[in-house]
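> Chains as they are written, first to last, in the UniProt record's numbering: chain L, 1 to 322; chain E, 1 to 432.
Distance condition first, Cα-Cα at most 25 angstroms in a straight line; then the derived SDA-like pairs of lysine to any residue: (1) L:Lys-276 <-> L:Ala-193; (2) E:Lys-190 <-> L:Gly-120; (3) L:Lys-317 <-> E:Met-418; (4) E:Lys-415 <-> L:Thr-263; (5) E:Lys-190 <-> L:Phe-79; (6) E:Lys-124 <-> L:His-121; (7) E:Lys-190 <-> L:Thr-303; (8) E:Lys-183 <-> L:Gly-120; (9) E:Lys-124 <-> E:Asn-381; (10) E:Lys-415 <-> L:Asp-293; (11) L:Lys-96 <-> E:Gly-243; (12) L:Lys-311 <-> E:Leu-400; (13) E:Lys-124 <-> L:Thr-303; (14) L:Lys-311 <-> E:Asp-403; (15) L:Lys-276 <-> E:Arg-420; (16) E:Lys-126 <-> L:Glu-302; (17) E:Lys-318 <-> E:Thr-93; (18) E:Lys-190 <-> L:Val-119; (19) E:Lys-190 <-> L:Pro-130; (20) L:Lys-311 <-> E:His-401; (21) L:Lys-276 <-> L:Ala-321; (22) L:Lys-160 <-> L:Gly-102; (23) E:Lys-190 <-> E:Asp-397; (24) E:Lys-183 <-> L:Asp-293; (25) E:Lys-124 <-> L:Ser-176; (26) E:Lys-183 <-> L:Glu-302; (27) E:Lys-190 <-> L:Glu-302; (28) L:Lys-246 <-> L:Lys-317; (29) L:Lys-246 <-> L:Thr-197; (30) E:Lys-253 <-> L:Gln-57; (31) L:Lys-311 <-> E:Glu-399; (32) L:Lys-311 <-> E:Met-418; (33) E:Lys-183 <-> L:His-295; (34) L:Lys-160 <-> L:Ser-101; (35) L:Lys-43 <-> E:Arg-343; (36) L:Lys-311 <-> E:Lys-190; (37) E:Lys-126 <-> L:Phe-304; (38) E:Lys-126 <-> L:Thr-303.
Bear in mind the hints are in silico, worked out from the structure with no lab data behind them.
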Amino acid sequence: MNLCQAVQNSIDLTLANDHTSIAFGEDVAFGGVFRCTVDLRQKYGADRVFNTPLSEQGIVGFGIGCAVAGATAIAEIQFADYIFPAYDQIVNEASKYRYRSGNLFDCGRLTIRAPWGAVGHGGLYHSQSPEAQFLHTPGIKVVIPRGAIQAKGLLLSCIKDDNPCIFFEPKILYRSAKENVPIKDYTIPLSKAEVLTEGTDITMVTWGTQVHVLHEVVQMAAKENISCELIDLRTIVPWDVDTVCKSVVKTGKLLISHEAPITGGVGAEIAATVMKECFLNLEAPIERICGYDVHPIPHTYETFYIPSKWKCFDGVKRLMAY
Amino acid sequence: MRQIQVELESVIMNSYTKLLAILQPNTSRRILLQRRDAFHSNTVKSPINISGSSAVNTKQQSRFSSTDSSSKTLDYEAKNAYKLHLLEEGPKTNVSCNREEGLEFYKKMQVVRRMEASANNMYKSKLIRGFCHLYSGQEAVCVGMRAAMDKSDSLITAYRAHGWSYMMGVSVTGVLAELTGRKSGCAEGKGGSMHMYAPNFYGGNGIVGAQVPLGAGVAFAHKYRGEPNICVALYGDGAANQGQVFEAYNMAKLWALPCIFVCENNGYGMGTSAARASANPHFYTRCEYIPGIWVDGMDVLAVREATRFAKEWCVSGKGPMIMEMATYRYFGHSMSDPGTSYRTREEIQDVRKSRDPITSFREKVIQAGLASDEEFKTIDNEVKKIVEDAENHAQNDPELHVDEMYSHVYSNPPKNYMIRGCDSFTYKEATK
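From just these sequences and the hints, can you work out the full model?
In structure tokens form, the structure reads like this:
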């Protein structure tokens, strides 16, 4: 299955096994603009898989209401760039519900899904990676998969998790990430990072599409006898501090990479925490190879903007030479 | 004598503009253009009476008058062109135009049609990437409305903006070169399809519905400055369900803003028909406290007449008005949408045959004896040349330099401001 089929499969399994579950969003009925909800309406009926009008604030607000009342709500925001009208609902309502009601009410059954990240020609409004805007919000979980197997497990975990979750799906990987995905229902634990390659010289932390870019960098570095440990963070908030710090203690050098602009990105939070926890173990300043502080992503300048493997490899060399 | 006086004045004005540019280096080009336009709208009378009244002025000097008697007009009753909401009287149903207006309207609609066809072809051959939303089929709305607007009226619209960009003053080259990302594009290639701007034209906006409160704000600025101008805020049938549209309605009515909210209802919000997205698909009735007019958006003269009515309403201090233009788009939502999975090919062909704004207008003009088939063919050829020339520029002009990626993030960035990038060595100093 590719990533979008894995997502479709997760929603399919949820609709089959959880009779309270519903899936909604703009254009989900015919299958969705990325075909992630194909055939679900025919299988489960128009009262469980339905279209919403064009109002993101309405979609998320409505989803919070359904979740509070006991339905498992899977809301789709058509592009992560459009999540901002719903930002107030997510930050002020969804994330605070359990806290402000003293655990009397919660909207944990809400999961918001949105296509995320650079796609080659998205321009300013179809390429954004807003995970940092939600990192800053306690009470919600943000999860980003790197491939089809991860996507299915992580999405099922998000849906089953008792907290409102935002699941960002790297849109450039929808069709290109093809793996042998297990057909049964399985979950991948949230807030656990995964070490993809073991290494001793540099720790690299990233998520989503950038994992594949750094994979190439790991191979490029291996040719120069630099051994890299590549970690896929998977859950952005609450993130797995232990795995990352254990790795930095081992290697002494950290490189973080993400598509979003560098200032205030998730890399900044990771760098600050690692600096605090592993100060004496660090042998070089932490490198962040990220997007520029211009709006992500300018259409004509996309190739210049993204943190490519060359920019990351340059960072590797700088770390080693410190 | 008057002519010489006018020319002298405009020469002086141009020198004044240049002086301003020297004295105030930070004054934006846009503001200078606006000042120049404001000056011009007071002194220079356009020889083509596009915004003229329906009464023919045979004494009017016209550079384009032909041997045909200019006292002939196209005159008819647009009986089913309007529906009213909260209004006792509406726009005049008797609409007319003279020969010059007729040819001008036809030419402008044809330019938009050809320009969009060119964009379509260039996109298919991958010269244009990204997103491209085409206006073909809706030409009567932009041409008709603009005809009733003044030069200093403002306008803001959503992403289906190429037709409007042209009507608000961007040249065809400015549009096509912007699509291909060249320096000669109206935003120097940095904006692309959805972000084209011109004096008094606030774009070109990507996020659905976000432009409507902006339009209300621009209308407020006109009122605040005591200008007899309106702001036209356009949105589609899909955007009509955005909460911020209703927030804008409320503010506009509360403060009697000279804002015309125009819903360009082409029947489909991307792939969802208006009936399936809206509990009330009669968008002109959507506000219980703002009067509304439904207009047949395929009839350019009816559109013009309705816009005149709405503009008078707003400018006389009666507050905002809502208009719904019933129109149709031939292409899909964007270039990645074939446009046939949610509607039949027969439906599209049917509209092309029976309701096409350009061909139906052309027939009316010919029937009224204002112009002949050959004259229209000449115009078609002129239009073809204009668009081909623009295509040439769009395909061959240089692109913007990479350093411009860092410009215009902030105005007057602080001294030694660096745009931080991917590593310690790609700090770029941003001086503008």
